[in-house]
Amino acid sequence: MADESQSTPESNVTGWRLLGTRDFGCLWAGQVISQIGDGLNKVALLWFVYELTGSALKMTAIGLLQTIPPLVFGPLIGVYLDQLPKKTVMIVVDLLRTLMVLLIPLFYTLDMLTLERLYVLVFLISIVSTVFGPALASAVPLIVQRSQLTTANAFIQSTTNIGVLLGPAMSGLGIALIGAQNVLYVDAATFLASALFLFPIRVRETRTAKGLDVLSTPVMQDMMVGFRFVFLQHRVVFALMITAVLYNLAISAFVFLLPVVAKELLQVGPMELGWLWSALGIGMLAASIWLARTPQGTFQDRIGKIGRSLTIGGVAVCTLGLIQTPVLFSTFLLIVIIGGSTSLFYPVVWAMLQEVTPEHLLGRVFTTFSVGSMASAMVGMAGFGWAADALGPAVSLIGIGLLLLVTAMVTVQVSRRGLMVSPAVA
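Each residue of the sequence shown is one higher than the one before, counting from 189 in our numbering.
Just so you know, the hints here were simulated from the structure itself, not pulled from any lab data.
Positions of the beta carbon are idealized from the N, C-alpha and C atoms, including for glycine.
Do not take every clue at face value.
Pair by pair, the computed Cβ-Cβ distance ranges are [claimed, not checked]: (1) T276 <-> R205: 25 to 33 Å; (2) Q601 <-> L516: 22 to 30 Å; (3) L446 <-> V260: 40 to 48 Å; (4) W478 <-> L446: 20 to 28 Å; (5) V567 <-> L354: 27 to 35 Å; (6) A364 <-> R305: 22 to 30 Å; (7) I511 <-> M300: 48 to 56 Å.
Starting from the given sequences, assemble the full structure and let the hints guide the process.
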């Protein structure tokens, strides 16, 4: 299949100049706005539910409703995603999220919002949001060249970092000034803006996306094709899956334990915890910017980069757990290092997956990775959370650091075995 993007001036653009191109620049700008909207939503929605119910249990139910759809519907979504135009899917998802987020404050204003209706809306928003991430990851290789994939994914991750840094702070300010329900109106507007930025983007159409006959083959058969590719047919993809599972076991638990680190090890309050969150975001954003400016390199170069960065992260987490009398400033610096070293993982892995996966399997491969990552993250948070309660947060941190070092060793073994990346077949 001819690659139409090869004939455009954008095909040789690298580094920061990629943001100046029409297609990727619009995609990035839309994602910055959307990720800030996600940050607004996380704080405003939880605060709104707590104000509405006065119950912490009912508030935490929101998190459960947001977790179930990716785990249950992920593989099924991947099947249909592979047979639909990615740009159309992303636009429809953003417009649906606009409508459903808008309904929450609108129902509240009209005195029609019950807890049951709120839960239903949150669940539906989570279902359509589950589609967007794999659709975005599947669209990137249809917009940029293979040599630009690592840079593109680093820039996409930077939008998440910007959202983490700005979204919660803007939401807190907005809640104080205009109320949580009105912040949700702003959140809905960010999804609409994201959809508008997607319209001018040119996404190369794949053969399977030209028709919308998504029922031409049995769904289970299509799902098994994706599973076989990940777990049986491609050694590189399976190796990356193993490293992703180990990585998520560790890093999700570390993020989950940050409040415990603040309260138990540092003996500080919520303001200082906010600084620690910011430190993590600063490290992640700095690493994304650095990676975007770095040449992509060979497969061995990239897998080696993951191994070295996770080694640094693992040592930093172990150091944090071993410090007998931690000081806030030194902890801040360590968390900046941890955020930066561990955030290189996904842009590099996503780029390699996009490179080796045939276009007609991209949706299924990325939803499989998302399900595996989320499941392992839940296990990691539960396991290391129990360890923090039973053995202390310092022991739990050392365990997380050692797991990151094990993940680094696995990536080194993958590189030494000489698993070469072969071009994807469309």
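Against the structure, the hints come out as follows:
no.	hint	in the structure
1	T276 <-> R205: 25 to 33 Å	holds (28 Å)
2	Q601 <-> L516: 22 to 30 Å	violated (38 Å)
3	L446 <-> V260: 40 to 48 Å	violated (28 Å)
4	W478 <-> L446: 20 to 28 Å	holds (23 Å)
5	V567 <-> L354: 27 to 35 Å	holds (31 Å)
6	A364 <-> R305: 22 to 30 Å	holds (26 Å)
7	I511 <-> M300: 48 to 56 Å	holds (53 Å)
The earlier numbered hints that this structure contradicts are 2, 3.
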